[in-house]
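Asks: Given these sequences and hints, build the entire structure.
Residues per chain are reported as follows:
4 protein chains.
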Amino acid sequence: MSKNWEEFLAPYKQAVNELKVKLKGIREQFEKADDHTPVEFVTGRVKPIPSILDKAKRKQIAMNRLQEEMHDIAGVRVMCQFVEDINKVIHHLRGRKDFDIVEERDYVTNQKESGYRSYHVVVQYPVQTIMGEQMLLVEIQIRTLAMNFWATIEHSLNYKYNKNIPEEVQKRLQRAAIAASKLDDEMSEIRVEIKEAQKVFMQKKENEKKKAEN
Amino acid sequence: MSKNWEEFLAPYKQAVNELKVKLKGIREQFEKADDHTPVEFVTGRVKPIPSILDKAKRKQIAMNRLQEEMHDIAGVRVMCQFVEDINKVIHHLRGRKDFDIVEERDYVTNQKESGYRSYHVVVQYPVQTIMGEQMLLVEIQIRTLAMNFWATIEHSLNYKYNKNIPEEVQKRLQRAAIAASKLDDEMSEIRVEIKEAQKVFMQKKENEKKKAEN
Amino acid sequence: MSKNWEEFLAPYKQAVNELKVKLKGIREQFEKADDHTPVEFVTGRVKPIPSILDKAKRKQIAMNRLQEEMHDIAGVRVMCQFVEDINKVIHHLRGRKDFDIVEERDYVTNQKESGYRSYHVVVQYPVQTIMGEQMLLVEIQIRTLAMNFWATIEHSLNYKYNKNIPEEVQKRLQRAAIAASKLDDEMSEIRVEIKEAQKVFMQKKENEKKKAEN
Amino acid sequence: MSKNWEEFLAPYKQAVNELKVKLKGIREQFEKADDHTPVEFVTGRVKPIPSILDKAKRKQIAMNRLQEEMHDIAGVRVMCQFVEDINKVIHHLRGRKDFDIVEERDYVTNQKESGYRSYHVVVQYPVQTIMGEQMLLVEIQIRTLAMNFWATIEHSLNYKYNKNIPEEVQKRLQRAAIAASKLDDEMSEIRVEIKEAQKVFMQKKENEKKKAEN
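Chains as they are written, first to last, in this note's numbering: chain A, 887 to 1100; chain B, 887 to 1100; chain C, 887 to 1100; chain D, 887 to 1100.
Just so you know, these hints were derived from the structure itself, not from any lab.
Just to be clear, a hint being listed does not mean it is correct.
No copy labels: a pair is met if it fits in one copy or bridges any two.
To be verified - The calculated lysine to aspartate or glutamate pairs, modelled on DMTMM-like cross-linking and capped at a C-alpha distance of 20 Å, are:
(1) 933 - 1092
(2) 910 - 1019
(3) 906 - 984
(4) 899 - 984
(5) 1081 - 1053
(6) 1057 - 999
(7) 1095 - 926
(8) 1091 - 1040
(9) 974 - 990
(10) 983 - 1019
(11) 1068 - 1040
(12) 1090 - 940
(13) 1046 - 984
(14) 918 - 992
(15) 974 - 914
(16) 943 - 954
(17) 1049 - 958
(18) 941 - 1075
(19) 933 - 1094
Replies: Next up, the structure:
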């Protein structure tokens, strides 16, 4: 059985690796264009087997329908500095021709009750394996650093309390969500300042590099 | 001259690489001990040549005294999830035998006027080169993720305005510093909750890994 | 001008990074299938600007025709343990749907006079950039470790002597080519032995891992 | 029990990671000094648990004496282009102050009967852990690429046949060892040529880089 899982998950792992390289590349392209990059960093993971089993049970997905019905077995996360960058990333994703978008969920505009904020894009991505091409679902989550910080903590707490976080802790979490959101707002306000600053910074660095090399 | 710099900076680059591997190792050791790790991630850099020249001029350091008098040519940064983790990292650094601490500056307790918070430890670190051993100064900065986020932005703005940030922008920066600090406080309050949650999380993951492999 | 090159080469760098991840993935898939992997390791590079200029001059390619006419600006190299593995890699490349093969050159069967052996596949690969999709030529070279060792050295000597290697040195190079080829032949003879050995090895490792974890 | 092993091996893993970064650094230092580098690449591994158990049994080492008596639990391998480079690496290792050499074995001059060639240096290396300093034995193996290629194959075959390789296969292995050795000899003969070529190559690259950037 263990062997079976490894074979099933191998192309998902490959998809995650490829999409990480592809989306990290976007970051460099923006930097080279001397522009503020909407991509701060990119991470990815394949869902752990126990979480797949849990979710399949909860959502009543048959084991032989996982590939078609569970859309976050492969997950890629794009972290942004500013809330405004999230839209730029989505715009880029919509223009790519190496996958098809099958679903979008906007939890930035429509924050979850828990305080969760994030933008989800589910894509259908073709992986070339040694057995031929496979079409896989991959979930791409786009968030600010503050949204991500908060979400990581909520994830841990959900785990601890088996999705039944006590009211007391929930309230604390909501206060933290407000603090995270407040930080995002303050950041947006100095965004224009920062964007210009970073552009100047990049050019200076470039000029100094040239000077130093002569 | 360019050639000269490359040779001068090579052992600093080596020191940064070695200390990054060493401090990242700490993270893994805590994780394996099923304990909350005080080290979230570690970055490092060698100061760019133009910044070395700038600082030498500003601080009146002679070119042949850089190795002895400029303590941040090599810099390593340790990011923590909680303010409380900063002390744990400092405690570990003080116990290490692979370098000597020559200075500590606590800008966490004594925040700078600008809003800057961070703990700085300057160490004397021996690097083995193809020409023999060299003793180098390395600055290790320890901060929370929120402190780091803020500091990165202040750095860009300082660059843009050549260390003369306009009052208007300074005020905005201070508001952002307060928001960052607020987020750190909220995080500290749910820290005990989170620490326990993460421990449980790690054990579950471990157990599920074993189950899945059988 | 420098800026121009950086923009021109950025998508090539991206193509190399993506293809490296894709072809390294093949290696893991074979390993997971408990099979001998034809891919030992994968490297890649973007041709240095001076080499592009040299070649453009030599082959009379206009600067605005580089993208269409120079097929090795992006290069990926696949190293194999055995001569027989080269065919397996070619077979896999022909089946992939993420690029089109536009040319194949077999310098394994038809060794160059110099002693050079390698299999070249030129593909047309689509890269998604922040400005849209770009079609790029990429040269994939497939070789054994011994072929690669020899080729690296010939490359250095060609550089030194500006493509006019003295007869004396050429003779030595040819003797080295014979020694490299002899090593490949001996390897092929024990190949079946080794292939079986590696398979057994992998299974043992797997079993011992499981035992150790219980 | 599994948990125990993880804790026991963690500092060995750390030692391997640190020494890999340290010895890879040597490579870069030689390259920056525009000199032929004796270090082609560096790998490392912690001995798998089943192999530790096997060896402990074979050599009658008690489980509580592993740290003192088994000297290859942590292993680092340095690959060289030429046989002559091996001595340069040894010379460098003897001069380092971050570990003490406790043993050297020269299987290059005194090839094993099987055909095995390699130079082994056992060092005592201090690792700083979260529990304090630990002194560990690490085995550093220095070999040419051809020696390494052969050794990898012998290792697989030994595994398959449980250290009882049939005579027929042994003969084939010895023929391959002779071919590998022959390749090393041919390489040594063109070494002076190549060394000069590589030096010229590096300088040209450097010059062209500068030209391209202006």
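Asks: Would you mind marking each hint as holding or not holding in the structure?
Replies: Here is what the structure says about each hint:
1. For the homomeric pair residue 933 and residue 1092, the shortest alpha-carbon distance between copies (14 Å) is at most 20 Å, but the shortest distance inside one copy (41 Å) is not.
2. Taking CA atoms no more than 20 Å apart as the test, residue 910 paired with residue 1019 passes between copies only; the shortest distance there is 16 Å, against 24 Å inside one copy.
3. In this homomeric assembly, residue 906 and residue 984 come within 20 Å of each other (Cα to Cα) both inside a single copy, at 13 Å, and across copies, at 17 Å.
4. Within a single copy, residue 899 and residue 984 get their C-alpha atoms as close as 17 Å, and across copies as close as 17 Å, so both meet the 20 Å cut-off.
5. In this homomeric assembly, residue 1081 and residue 1053 come within 20 Å of each other (Cα to Cα) only across copies, at 18 Å, whereas the closest approach inside a single copy is 40 Å.
6. Within a single copy, residue 1057 and residue 999 get their C-alpha atoms as close as 11 Å, which meets the 20 Å cut-off; across copies the closest is 33 Å, which misses it.
7. With identical chains, the CA atoms of residue 1095 and residue 926 are never at most 20 Å apart, being 23 Å at best within one copy and 29 Å at best between copies.
8. When the C-alpha separation of residue 1091 and residue 1040 is checked against a cutoff of 20 Å, the pair qualifies only between copies, where the shortest distance is 17 Å, while the shortest distance within a copy is 39 Å.
9. In this assembly of identical chains, the alpha carbons of residue 974 and residue 990 lie at most 20 Å apart only when taken from the same copy (15 Å versus 40 Å across copies).
10. Taking identical chains as interchangeable, the C-alpha atoms of residue 983 and residue 1019 lie at most 20 Å apart whether they share a chain (16 Å) or sit on different chains (7 Å).
11. Within a single copy, residue 1068 and residue 1040 get their C-alpha atoms as close as 18 Å, and across copies as close as 18 Å, so both meet the 20 Å cut-off.
12. When the C-alpha separation of residue 1090 and residue 940 is checked against a cutoff of 20 Å, the pair qualifies only between copies, where the shortest distance is 13 Å, while the shortest distance within a copy is 52 Å.
13. In this assembly of identical chains, the alpha carbons of residue 1046 and residue 984 never lie at most 20 Å apart, being 38 Å within a copy and 38 Å across copies at closest.
14. Taking the closest pair of Cα atoms, residue 918 and residue 992 never come within 20 Å of each other, the shortest separation being 30 Å inside a single copy and 37 Å across copies.
15. Taking the shortest Cα distances, residue 974 and residue 914 sit within 20 Å of each other inside one copy (15 Å), while across copies they are farther apart (34 Å).
16. Taking CA atoms no more than 20 Å apart as the test, residue 943 paired with residue 954 passes inside one copy only; the shortest distance there is 15 Å, against 50 Å between copies.
17. Proximity of residue 1049 and residue 958 under a CA criterion of 20 Å is satisfied intra-copy only: 18 Å inside one chain copy versus 46 Å between copies.
18. Taking the shortest alpha-carbon separations for residue 941 and residue 1075, neither the intra-copy value of 39 Å nor the inter-copy value of 31 Å comes in at or below 20 Å.
19. Taking the closest pair of Cα atoms, residue 933 and residue 1094 come within 20 Å of each other only across two copies (12 Å); inside a single copy the shortest separation is 44 Å, beyond that limit.
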